[in-house]
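Here the protein sequences come in this chain order: X and G.
Throughout, our numbering is defined as the position within the first sequence, counted from one, plus 3.
Throughout, our numbering is defined as the position within the second sequence, counted from one, plus 19.
It should be emphasised that the hints constitute simulated quantities derived from the structure, not laboratory data.
Quantities reported herein were computed from a predicted structural model and do not represent experimental measurements.
For each residue, glycine too, the CB sits at the ideal point set by N, CA and C.
Be aware that one or more of the hints could be misleading.
Below, in silico cross-link-like pairs of lysine-lysine (DSSO-like), each with a Cα-Cα straight-line distance of 27 angstroms or less [as the list claims (entries may be wrong)]:
id	chain 1	residue 1	chain 2	residue 2
1	X	Lys70	G	Lys89
2	X	Lys39	G	Lys22
3	X	Lys12	G	Lys57
4	X	Lys22	X	Lys39
5	G	Lys57	X	Lys43
6	G	Lys121	X	Lys39
7	G	Lys121	X	Lys25
8	X	Lys47	G	Lys35
9	X	Lys44	G	Lys121
10	G	Lys57	X	Lys44
11	G	Lys121	X	Lys74
12	G	Lys89	X	Lys47
13	G	Lys57	X	Lys25
14	X	Lys12	G	Lys121
15	G	Lys35	X	Lys39
16	G	Lys22	X	Lys44
17	X	Lys22	G	Lys121
18	X	Lys47	G	Lys57
19	X	Lys55	G	Lys121
20	G	Lys22	X	Lys43
Over the 10 angstroms line for every Cβ pair with chain X, so calculated as not near, a few chain G residues [unchecked claim]:
id	residue
21	Gln21
22	Val33
23	Thr46
24	Arg47
25	Gln58
26	Gly81
27	Thr97
28	Phe110
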Amino acid sequence: DTAVSQTPKYLVTQMGNDKSIKCEQNLGHDTMYWYKQDSKKFLKIMFSYNNKELIINETVPNRFSPKSPDKAHLNLHINSLELGDSAVYFCASSPFRGSYEQYFGPGTRLTVT
Amino acid sequence: AQKVTQAQTEISVVEKEDVTLDCVYETRDTTYYLFWYKQPPSGELVFLIRRNSFDEQNEISGRYSWNFQKSTSSFNFTITASQVVDSAVYFCALVSNFGNEKLTFGTGTRLTIIP
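Assemble the whole structure, with the sequences as input and the hints as a guide.
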């Protein structure tokens, strides 16, 4: 019974393709996040949703679009993939906005060739 | 603006030695939270501790202990009697300004425990 799950775990695709990464949490949390970890292990927030509402939208290309169909799911769609998008993408959730105790999913390693 | 500095990029110690990972933070807010996360070789991020700015008490959890000192803006993490399973990258993180809500991570310290 994984708390925060992501699919797929690995994703290899070619430049120019469109791909999605799915995230689900079964913790009953209100807030979910997407982070990007680059090849140097640097972690940076991309987006945050609270009860399906976008609350953080960092400076990321428009090719990245999060979608939250309900508060247990936060998916990340990426259009026209580029080599620089290769990274590990982490989904996280926290109980409510302001709790900050974030629990991370296992990560999705995206490789763009 | 907020910033987290982990000056130690890599540390290696022999098993059973104690090791301290340093974390220095910057924020203009008086209310903030500090965190430590562990990222083992398998890649997942494991939450270790959260500390708020009003609680300067040190915390101990088994072999782990944390020293929070507002005077030096530091939140250091010590592992006593290190074990091979402690080998991982450790991240310190900060969130401040309740309207901001962004968790800012340090660049991480790679800890290797030599058997």
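Evaluated hints:
no.	hint	result
1	Lys70/X / Lys89/G	violated (39 angstroms)
2	Lys39/X / Lys22/G	holds (17 angstroms)
3	Lys12/X / Lys57/G	holds (19 angstroms)
4	Lys22/X / Lys39/X	holds (15 angstroms)
5	Lys57/G / Lys43/X	holds (16 angstroms)
6	Lys121/G / Lys39/X	holds (13 angstroms)
7	Lys121/G / Lys25/X	holds (21 angstroms)
8	Lys47/X / Lys35/G	violated (33 angstroms)
9	Lys44/X / Lys121/G	holds (18 angstroms)
10	Lys57/G / Lys44/X	holds (12 angstroms)
11	Lys121/G / Lys74/X	holds (19 angstroms)
12	Lys89/G / Lys47/X	holds (25 angstroms)
13	Lys57/G / Lys25/X	holds (23 angstroms)
14	Lys12/X / Lys121/G	holds (25 angstroms)
15	Lys35/G / Lys39/X	violated (34 angstroms)
16	Lys22/G / Lys44/X	holds (16 angstroms)
17	Lys22/X / Lys121/G	holds (26 angstroms)
18	Lys47/X / Lys57/G	holds (16 angstroms)
19	Lys55/X / Lys121/G	holds (17 angstroms)
20	Lys22/G / Lys43/X	holds (17 angstroms)
21	Gln21	holds (12 angstroms)
22	Val33	holds (24 angstroms)
23	Thr46	holds (13 angstroms)
24	Arg47	holds (18 angstroms)
25	Gln58	violated (8 angstroms)
26	Gly81	holds (19 angstroms)
27	Thr97	holds (22 angstroms)
28	Phe110	violated (7 angstroms)
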